[in-house]
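**Q** Below, each chain spelled out in residue letters.
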Amino acid sequence: MLHAQEIIRSIEAEQMKSDLPIIYVGDTVKVGVIIQEGGKERTQPYEGVVIAKRGSGINQNLTVRKVFQGIGVERVFPIHSPQIENIKVLRRGKARRAKLYYLRDRIGKATRLKQRFDRAL
Amino acid sequence: MSVGILGTKLGMTQVFDETGKAIPVTVIQAGPCIVTQVKTIQTDGYSAVQVAYGEVKQKALNKPELGHLAKSNCAPMRHLHEYRLENPSEFQLGQQIKVDAFSTGQTIDVIGTSIGRGFAGYQKRHNFKRGPMSHGSKNHRAPGSTGAGTTPGRVYPGKRMAGRLGGSQVTIRKLTVIRVDSERNLILIKGAIPGKPGALVNVVPATIVGHK
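The listed protein sequences correspond, in order, to chains Z and E.
1 is the number of the first residue of the first sequence in the working numbering; add one for each residue after it.
1 is the number of the first residue of the second sequence in the working numbering; add one for each residue after it.
Keep in mind the hints are simulated off the structure, nothing from the lab.
Just so you know, these numbers come straight off a predicted model, no measurement behind them.
Take these hints with a grain of salt, some might be off.
What the hints assert, rightly or not - Covered stretches of chain Z, as calculated for chain E (at least 3 residues, CB under 8 Å): (1) 5-13; (2) 56-65; (3) 85-95.
Beta carbons: idealized from backbone N, C-alpha and C, even for Gly.
Isolated chain E, as found in the complex (with noise of 0.2 Å):
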């Protein structure tokens, strides 16, 4: 468990390396992110470093939201995230974690919103075969069978049917940081990650089986 970071999602270009491969890289604008609350066992139950991401104007936040982050003499902003920790006593309030966190070559996670798709059929949620679009066909983007009949009489629970599909959150695991870039607080990733330009997203160091 470490701290990682808030950020925006910029969009996808590529990059040359060394070698002159061309590198599809996504840009995210990360940080600075404030400490606005330490948790500790003693007082929480639990340990943790609370952080908050993206200024916003004084009257977009109420007055708690606004007397919560005046304890750590920060700025109003949008969001607040938790990360839990072993010891979260290395962090004071109102310590600001930058992208500098983060160097070049690491592998890191991305955890964010998928696009929303709607109410979506069968074929796009769960990716079912279709049926003949023509020779006398109607049977086109239909399910076909949910079960057997009278035995058991119902539909199981978990059959896949259409639905909502998308916004929810995902994590794309073991990405690889091409370049920081500490003056503009941006983190080139190679590879996509999820959401539309101008998402909420958060990059925290990769979770590894075996590793702590």
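Next comes chain Z alone, as it looks inside the complex (with noise of 0.2 Å):
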């Protein structure tokens, strides 16, 4: 009677995207994020590093980060939240660790990544 890990998911599966890219710690990519504006539906992208990436099934989370004048911005993505509408690789980037949280130190050309090319877009 028990088989309580599969009907969570089984649950979990039911709300699960399936169209998601690949996403590796250090890519950038644009996450293009619903919002409601005045009964208004519109999707707005959002540019970044990838700096973490967290959890497992459907509460799997990437952090991203990225410098708007001048000024570091992270946000936590849910990446199976209905309210991410697409989640595009734009650049692969090249990362020894797991957690980029040493790129918040560096500023300017510091944070650059080196790109690498043999992981396909």
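With the hints as a guide, bring both chains together as one complex.
**A** Here it is, written out as structure tokens:
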């Protein structure tokens, strides 16, 4: 009677997206976020570097960092949320660790990551 | 007073609602429960229905238990539970109680057994403050004073001390039903409930002060 994990996974599967690209830490991505504006819906793009991946299953999150007007901005996206319309990988970056929190302490040119070409976009 | 349902906690996950908000939910596999006895004031001195839940092998029960269940043509079940009712005549022996008795958005209470934590100290059991960990202090997790001296010359009853924590009945009130899956006998409830996955839980409609 108890196949608890199977049942929970099947509940999660109903809302999980299957068309997501493979995303690695260090990639530059463009996330389309649906926002409500005066009763109307529109998609707002958010572009930045993936500095962390967290969670699994339906609870998988991406932390995307960008520098906007000289100020570092980080947003956490639950990638299976219906508020996320699409995620597009723009550039594959070379990272030697799973969490790129060291980028927070860097400014300007030092925040660049080397591009890698062995992973398809 | 109304009839609830017995179930098994399966675990937690999250679902997204229409606005895209992630809601933490606990998944419960509940029922079907079978009415095994209808108690009335004339026969028992009080009115209630008794339900059975949790199918087991026949050899797990003894003859008196099996005989009691046979009266309602019920398969061998592990758990029996009574719900006090004003009017138990609506129920017949052998009637099934399923998750359809609950609906999305309904407020419910969940009764279960909390996770046992064994013999726990003051900080964990009663949220006492601890002493300094350094600067020569040797008073780390000690309780401090337990009362005055010669007068009264004893520790008052009810003084909070170390001891067994958890493993007791806990009611979580006013939880919301997020989804009911009658095909697989599942209820999704917003928030956490007592116990570990596999624990027996009792889901009843919320008792609200001032309502009947």
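**Q** Quick check: which numbered hints come out false for this structure?
**A** 3
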